[in-house]
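Residue numbers (our numbering), protein chains in the order written: chain A, 1400 to 1657; chain B, 1400 to 1657.
Just so you know, the hints here were simulated from the structure itself, not pulled from any lab data.
Everything numeric in this text was worked out from a predicted model, so none of it was measured.
Be a bit skeptical, because a hint or two may be false.
It does not matter which identical chain is meant; a pair holds if it fits inside one copy or across any two.
[What the hints assert, rightly or not] Here are the computed lysine to any residue pairs in the SDA-like style, where the Cα-Cα straight-line distance is at most 20 Å:
1. Lys1592 / Asp1488
2. Lys1492 / Pro1575
3. Lys1589 / Asp1516
4. Lys1429 / His1482
2 protein chains.
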Amino acid sequence: MDDVNGGNSVVTACFIIIGDEILSGRTQDKNLSYLATWLNEIGIQLREARVVADDPDGIATAVNECRAKYDYVFTSGGIGPTHDDITSDSIAKAFGVPIELNEEAHALLRSHYAEGDLNESRLRMARIPVGALLVENPVSKAPGYQIENVFVLAGIPVIMQTMLESLRHRLVGGSPVRSRTIGAELAEGKLAKSLGALQEQYPRVSMGSYPFYRSSRFGVSVVLRSMDEDALEAACQDLIGIMRDLGADPWIGEQDPR
Amino acid sequence: MDDVNGGNSVVTACFIIIGDEILSGRTQDKNLSYLATWLNEIGIQLREARVVADDPDGIATAVNECRAKYDYVFTSGGIGPTHDDITSDSIAKAFGVPIELNEEAHALLRSHYAEGDLNESRLRMARIPVGALLVENPVSKAPGYQIENVFVLAGIPVIMQTMLESLRHRLVGGSPVRSRTIGAELAEGKLAKSLGALQEQYPRVSMGSYPFYRSSRFGVSVVLRSMDEDALEAACQDLIGIMRDLGADPWIGEQDPR
């Protein structure tokens, strides 16, 4: 965890989405934006995401590259009972540890399934890399787990979301990044020069410019983000002034409330 | 381009999504599933996707890693007129070439903007790495471009989609992957063992199992994908037989049509 930005601590994360179904276009990922927002609220910045195929070497490589580079890594997908659920084997490979039937996970599954229904395939969900700490799954019991700084979670959004709540207390966040959005009916290209100058004036506020076309109106949303609330507030006021000088009537937030 | 799968040619691609707005959770990416489906139709398999921040070194590293690994790389985002549009500088850095005002791109912008509206910021959109070939943008003129096997496209979905049509003729696809989906009201864990055996029986058909919960019904969709249509058809028929033996009444397609 770096200590930059004038004493504010920056904690970073990476998200690895595992699954052929995302790369084939069959399934639209819904977990990335949820995780990004959720992490941000506890002061952790998502810095990269990768979508990787159901391939053990590819998964292991991505996990090893990312766990060395970021404070936390989260994975989603591939921990179910079928032959294409290869995440846990790939994680064991990445860490160079064996994978075994985990007694605690086994007990959880036994409590969930009727006797006779806990077949060989479902038992696969209790195979966990040695040394991992389980993450509770209140929805369907089969657990996720943590191994060092890597959290291995389910891909089904509702299950991933409850797993995040289960593991929240294990994360140490930094200073949260505050965000404000200022919008205006103004072409991005007209605002660009002044916005670039404003960015130079406030190096600790990151400014993103996003053009839009909504209800037959062209405009721009500028998102300002910073760990320094005073600088953020001052930059917002300056930006509103710049937009007014360009003849626009800016609003605060993503949508014009009027 | 490998020549595996019994003489079928496999052409691969990677998608690099550039933008802090995706990693902050502000914007939900819509381009990945579109590109995946579009590429698949012309026989190109999307093998990996990455979401990277607005950071020149991070972008350059991702581009260089991926262009060495895949036949084609597509990027989206960061080619607009504002200070946070740093994709083109990062691409020039990745390739070790200068970036200059491109005369053809300049002419396109001149034809689009009224005199006096083509300001310094908008001219940024005509700064293109030397050696690149432009990709037409019928929507708003500011072009994308191709440099070696990397295609640099806009992030706004409608513009990215028209750019793909503009560059389609430059891509050489392999054998398209055919796909069939078989669904049933059947717990994934009950099907898992037979499905694993079926996968072993048909190594050239990739089988993905996706549980669902819809309209108060639990079930599973199995997606079978192959470049070999005969094997695909045979595997589908076998799977339908397996599901029936397990007491289910399977259907073809994502949704039960009944």
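How the hints compare with the structure:
1. Lys1592 / Asp1488: between (51 Å within a copy, 17 Å between copies)
2. Lys1492 / Pro1575: neither (34 Å within a copy, 32 Å between copies)
3. Lys1589 / Asp1516: Between copies, since 8 Å is at most 20 Å while 65 Å is not.
4. Lys1429 / His1482: neither (24 Å within a copy, 29 Å between copies)
Checked against the numbered hints above, the structure violates hints 2 and 4; every other hint is satisfied.
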